[in-house]
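Respectively, the protein sequence lines represent chains A and B.
385 is the number that our numbering gives to position 340 of the first sequence; each next residue is one higher, with no gaps.
342 is the number that our numbering gives to position 297 of the second sequence; each next residue is one higher, with no gaps.
Think of the hints as simulated: they come from the structure by calculation, not from any bench.
Treat the hints with caution; some may be incorrect.
In this list, chains with the same sequence are indistinguishable; a pair is considered to hold if it fits within one copy or across any two.
Stated by the list, open to error - Taking lysine-lysine and the BS3-like style, the derived pairs with C-alpha atoms no more than 25 Å apart in a straight line are: (1) Lys366 / Lys434; (2) Lys411 / Lys434; (3) Lys366 / Lys134; (4) Lys49 / Lys134; (5) Lys434 / Lys275; (6) Lys434 / Lys283.
None of these values were measured; they are calculated from a predicted model.
Protein chains: 2
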Amino acid sequence: MGVKLGILGLGTVGTGTVQLLQDSAGRHPLLQEIEIYRVGVRSLDKPRAVELSTEVLTTDLESIVNDPAVDIVVEVMGGLEPARSLILKALSNGKHVVTANKAAIARFGAEIFTTANQAGVYVMLEAAVGGGIPVIQPLKQSLSVNRIHTITGIVNGTTNYILTRMQTEGSNFNDVLADAQRLGYAEADPTADVDGLDAADKIAILASLGFGGRINLQDVYTEGIRQVSKTDIAYAEKLGFVIKLLAIAKRDTPASPLSVRVHPTLVPQAHPLASINGVYNAILVEGEPVGQVMFFGPGAGAGATASAVTSDILNLVAVLKTNTAVANPLLACAHQEYCQIAPMAELITRFYARFLTNDQPGVIGKLGTCFGNYGVSLESIVQTGFQGKLAEIVVVTHDVREGNFRQALAEIRDLSAIESIPSLLRVL
Amino acid sequence: MGVKLGILGLGTVGTGTVQLLQDSAGRHPLLQEIEIYRVGVRSLDKPRAVELSTEVLTTDLESIVNDPAVDIVVEVMGGLEPARSLILKALSNGKHVVTANKAAIARFGAEIFTTANQAGVYVMLEAAVGGGIPVIQPLKQSLSVNRIHTITGIVNGTTNYILTRMQTEGSNFNDVLADAQRLGYAEADPTADVDGLDAADKIAILASLGFGGRINLQDVYTEGIRQVSKTDIAYAEKLGFVIKLLAIAKRDTPASPLSVRVHPTLVPQAHPLASINGVYNAILVEGEPVGQVMFFGPGAGAGATASAVTSDILNLVAVLKTNTAVANPLLACAHQEYCQIAPMAELITRFYARFLTNDQPGVIGKLGTCFGNYGVSLESIVQTGFQGKLAEIVVVTHDVREGNFRQALAEIRDLSAIESIPSLLRVL
């Protein structure tokens with residue numbers, strides 16, 4: 046086994062991460078070089094969704110960050126303390142750190158990154174913003190040559206879920222919040238979400254990366270969604286807007302001060318962020334010369350967040366393996382084999398087909414019978430009109446094997462009633 | 046000066062890349078360590094949009110890939126040969142390569158990556174798919190822990206532009222194509238775009254990265270958009286679909302063969318890809334455990350493509366600088382200074398405000414006057430109805446300085462006609 050992990054916390058994200066690491070078949074081969082060496086928990090007796098040997102589990106979290114055998118500390122316990130102290134201790138001890146802790150990074154980023162730089166190790170935080178959406182790494186690497194001027198995000202799933210339901214149902218904030226709490230989309234104490242504090246943490250982190258400077262969290266203007274009424278949502282809609290809780294960092298010119306803020310905002314309906322609904326997150330980055338780039342995906346959830354945490358771990362493993370003799374396995378091409386490609390006849394898809402037919406009685410019945418003979422089940426079959434003397438019939442199938450559909454079509458082409466098949470398209 | 050570039054080609058993308066590198070203020074500081082050392086062109090006499098000294102320009106491209114001083118070769122000449130041979134020679138000579146050449150990678154990827162692996166150097170190709178959208182690096186790094194099951198992309202801007210216009214205008218393919226050619230959105234010979242060949246190159250590259258295997262380009266089923274008629278677009282719309290040229294790579298189970306294909310497709314209107322219009326590109330990646338993640342942005346253009354090419358260069362510079370003593374500067378935190386944050390009073394934004402007023406004549410006029418006194422220009426002011434005995438008035442402003450707006454509002458609050466201001470929201 047190669048790289049040893051010390052994981053702090055085994056809640057939702059920690060469990061998701063362990064599950065991902067324990068189920069590595071079909072994922073990146075580098076995952077197999079990772080050992081779950083220690084996992085720090087509050088109680089050893091609690092029933093768990095993952096199996097870990099008793100030597101791995103410990104309640105002594107301090108011992109993990111001080112263990113010389115641990116290469117990477119994965120902080121997924123959340124909260125401010127002892128998370129902050131454990132992260133700092135791990136870094137001082139020369140260990141790389143992966144964290145999903147937006148609150149700790151937004152408040153203690155300065156001392157955490159200073160400590161990391163002094164120790165020559167990395168702090169990875171893809172999971173801190175946007176759940177599974179790759180946005181930290183793109184900002185640090187793929188977009189870093191741009192002069193970023195605006196980052197605009199829907200970065201809190203709970204508030205976006207509430208606003209989306211208020212919009213679609215015409216409901217009040219309090220009613221939707223209560224229902225969201227019942228369904229598990231909002232916490233019993235919803236303050237961090239609905240008052241915009243979580244979004245403020247996240248935009249502070251994004252702004253810091255995009256604009257290359259530290260951000261004092263108290264400088265982030267923060268306004269939540271409690272005062273958004275169904276009346277305003279309705280008026281906004283009439284005026285061509287939807288209301289979203291946006292987190293915005295913006296610099297008008299390279300010399301201007303930065304504006305960093307979280308507040309409910311009327312967004313024009315044609316704007317890319319207007320159609321981000323429910324618990325989804327999206328981050329729109331605007332810069333020169335790239336223009337507008339948007340990242341969209343699930344902003345929370347055990348699996349999505351575990352994807353981000355584990356990708357950070359994998360990046361560190363790649364760095365640890367890289368030296369002058371060995372290339373970074375995530376940058377080099379790792380595969381030599383060819384993929385096995387399925388023939389199109391085996392494709393399972395829906396089809397749309399348009400037929401021009403002689404206007405005989407029973408044509409629709411004949412089409413239906415032919416399709417049926419080959420197991421092609423139809424979603425709809427409609428005579429849409431006439432083109433000259435020919436009747437036009439549009440068919441949409443359910444999922445079918447393309448080979449079966451083609452066989453049915455060959456038979457249909459031979460029917461005397463069928464003049465031509467001008468269109469044949471697949472349906473997603 | 047640190048890292049020496051040899052750039053092959055000074056067309057649209059090459060020129061954009063040189064412009065970006067020559068204008069490094071306000072971008073990542075690492076850019077300043079890059080030297081444009083040689084640029085290979087077809088003719089020395091052609092007028093250029095960039096200034097380069099005569100020692101830098103050469104028509105002898107072979108000499109660039111053989112020059113021991115060159116660290117990174119940037120291939121932005123396009124076409125199959127001599128691009129392929131020059132890339133292979135550069136790699137054999139131990140140089141890292143950055144390329145935007147989807148056609149060459151899709152056809153000669155096997156020998157190119159084999160040569161790179163043997164030489165222990167990297168081939169970077171972010172610009173080959175999706176222009177400025179970060180998608181190659183996220184697939185290689187941020188999403189690599191997932192079991193990817195589907196990649197679905199709108200990866201050709203020309204065809205998406207044509208289909209979008211056919212949809213919105215109800216026009217024919219041939220008419221829109223001719224107009225797109227006139228406007229520069231389609232080439233004089235549109236074959237590679239409208240017949241799906243360009244999209245096939247790109248999905249072959251994405252599939253290879255997402256599914257960890259090589260792809261034979263001739264295995265990619267490819268169907269273009271010439272046969273898509275305005276009739277079908279209209280029927281599709283009635284059925285709840287839009288028609289898009291999709292590039293799809295999909296594996297149903299980890300053991301299944303891969304389906305890789307490009308064809309016009311009916312996409313349900315609520316699908317995230319349905320609203321990607323015009324020359325924009327988007328790539329939807331679905332995997333376990335991350336779920337659905339989408340990347341959206343400009344799929345082409347000098348600036349966007351230069352952003353991708355230069356970010357690849359920067360990543361290689363970071364790798365070249367990294368050793369046991371020096372951390373990768375793109376992964377480490379590079380800034381210590383705090384950003385200067387603008388006070389909210391200085392924010393320039395639009396506002397939405399809702400007033401409850403006593404139903405006196407002239408209230409709208411008084412509101413307008415108050416706003417006018419503080420330079421707040423109004424986009425609309427509407428009496429929307431009544432709440433009990435109170436009239437409700439909704440105001441949307443043009444861009445205003447928040448401080449001015451707040452001053453006007455303070456004065457308005459004191460008006461005897463104003464009962465309350467239940468809502469105050471910013472407008473994007």
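Query raised in the report: Hints broken by the structure, by number, lowest first?
Result: 1
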